[in-house]
Amino acid sequence: MSLSSSPFRASAAAALGRDRARGNIRRAMDGLVAKRAAAFADAAELERLRDQGRAIRDYALSRLPALLEQLEERCSANGIQVHWARDAAEANRIVVGLCRSYGTDAVLKGKSMVSEEIGLNAALAAAGIEPVETDLGELIIQLAHEHPSHIVAPAVHKDRAEIAALFRKHFPDQCATVTDPGIEALTALARRVMRERFGAVRVGLSGVNFAVAETGTLCLVENEGNGRMSTTAPDVHIAVTGIEKVVARLEHLAPLLTLLTRSATGQPVTTYVNLISGPRRAGERDGPREVHLVLVDNGRARIHADPELRETLRCIRCGACMNHCPVYARIGGHGYGTVYPGPIGAILEPQLQGLERQGELAEASSLCGACAEVCPVRIPIPSLLNRLRFEHAAGQAVPGGGRPGRQRWVWRAWSQLHASPRLYRGMTAAAARLRGLLDGPLASALGPWTRTRTPPRVAPASLHVLARREGFGDD
Amino acid sequence: MTEARTAILGGLRRTAAAPGPMPELPVRRFDWDLDERLDRFQQALAAVHGEVHRVGADWPRVLAGLLQQAGAANLRYGPGGPLAAALTAGWPADGARLVPHDQAVEDCRGDLFDATDAGFTSCRAGIAETGSLVLWPTPAEPRLLSLIPPMHCVLLEAARIVSTLHELMAAEVWGGGLPTNALVITGPSKSADIEQTLTYGVHGPARLIVLVRDERRRA
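Which chain is which? The protein sequence lines are A and B, in order.
If you count by the working numbering, then the first sequence holds residues 1 to 475, one letter each, in order.
If you count by the working numbering, then the second sequence holds residues 1001 to 1219, one letter each, in order.
Just chain A, with the same shape it has in the complex (with noise of 0.2 angstroms):
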């Protein structure tokens, strides 16, 4: 593996260069962060609730094919029809099937990160199906051809005027009469666009926040309404989950409701929480004809399978640690070049498209500790960053064998004084020694790193050395 063909490194080196997407995630990530703080202003509370959530979401999945098998018997029980995929070709096919039988050339989306996930508006349009997606912010990214940069603000990176150049460009007949680019001008304009689709469109699609077993409800939390407009006025409603997303009892909602809110956004809840269990039953106006669940593993069984490694697994993407990242402020969700981004994409992604390819992404972290500080359900992120680092570099043949020329050499030399007991005291003893030479002539051997800090000073004894002195053995 060389440096260029790092996926990670190249999305990084692009995404630097794009100063005013910068500038737009560093000020909505600043927002954000007062939110989330202003929500959580009692700190006792907050602790209890993550207490809460953690146990909640770790009962769920040391209990997980138990509670998947509840989930399936209660929503067949209701009505919903229930699919199980693989991975993401065997969900995509599912879904395009369903959307065949039903004779639909468009499908109403609701935000579904697992459908970024699984590539399916790919999948759909290559079948001639179009996919309308309905929530503002990924309406714009669709428009743009890009993906979301933050897994609940998919368009953070664009500002007013980028919008609304892309709106004049994509519904030129309706801009006639928009000559203000404000973001409510924009907004109804988007509401004017959907509306149509919403009243026509016979196949809604949407993912899910929680699925709860004991009653074979699908869990929907959202601002806009375009998540109740996808799931309640088409005929058929299709939602798309990863399996880790079920919960074991109706009541476990909330405190996770409380949490994923508050975290994400700041809000003590969310304009529409919608709780779906089943299609339209008889003598029932509206509602869905048939509603569909596709439970996609795509990987995270084989997380599962790993005790450590499975508390990736209690997370409900409320994104508050990118939302904190000092990483993602800088380069923002499009620099890690990965669906998640973020601390929880830093973890997650190597672990669904395995080492060898994003085992990189382990890196982009200053192991700062601020993701696992916030996050609502305690994933311990720093440590897991840390478990798959050590195994990424378990798996290369050479230390720094991914590295270019002078750093390959310096991390070389720098395992091999560590891995001998000798070399290291020589090490030691000689920079002991000649600890003054830092101070004066070898002082700008640092070069820019001492500009703006304080060069790092050499003790004139070893910790070795001194335990020594006081009598302690090698033991």
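None of these hints come from the bench; they were simulated from the model.
Computed from a prediction, not measured in an experiment: that's the story for all the values here.
Derived contacts from chain B toward chain A, CB cut-off under 8 angstroms, selection only:
{"#": "1", "residue": "Ala1007"}
{"#": "2", "residue": "Leu1009"}
{"#": "3", "residue": "Leu1025"}
{"#": "4", "residue": "Phe1113"}
{"#": "5", "residue": "Leu1147"}
{"#": "6", "residue": "Gly1177"}
{"#": "7", "residue": "Ala1182"}
{"#": "8", "residue": "Ile1185"}
{"#": "9", "residue": "Thr1186"}
Each residue gets a CB set at the ideal place from its N, CA and C atoms; glycine is no exception.
Following the hints, put chain B in place on chain A, whose structure we already have.
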């Protein structure tokens, strides 16, 4: 397809660890009296652009006045709903036109989407902590009545305001089974997808008008 099911569940079972304990989850609730629940409900809903009006027995007249101010020419309501009789009996002669919503969506889609100014529903409960309304749509008051019209008008009985959603779920034993669709609605439809700036009325109603009827006001 059963092949995928077997493979996924089999894979999960092979590596299954011992199930952990069911989490202890004391019901999160507050001992607020009716006045405090009302005040908190009103403040929380106002904070997300919901409009709250405290009303008495003459609420249809109050609602008609609000619709007139908004320039709404019609109000769609479920004639089989629990409040339909009171609504029609108390509706002023010069009020907005009352449109019965009693057809399947397939038979009234055009009218519902394009010719309706406001929708009226009852609601099951209010949540003081978040200013939320809990709706369980019924055949008489279907799901889209609270979503498609640009204004959603609701009558809430003050005594039906509880402290938290958790308290309501536990008291009504939601875990025992839910209707095909249950909704928690908190304010009008909104988005912050453009520059994190809140705008209202994206795809759902731009206005949410809540009339809170306090039985004690009869005196």
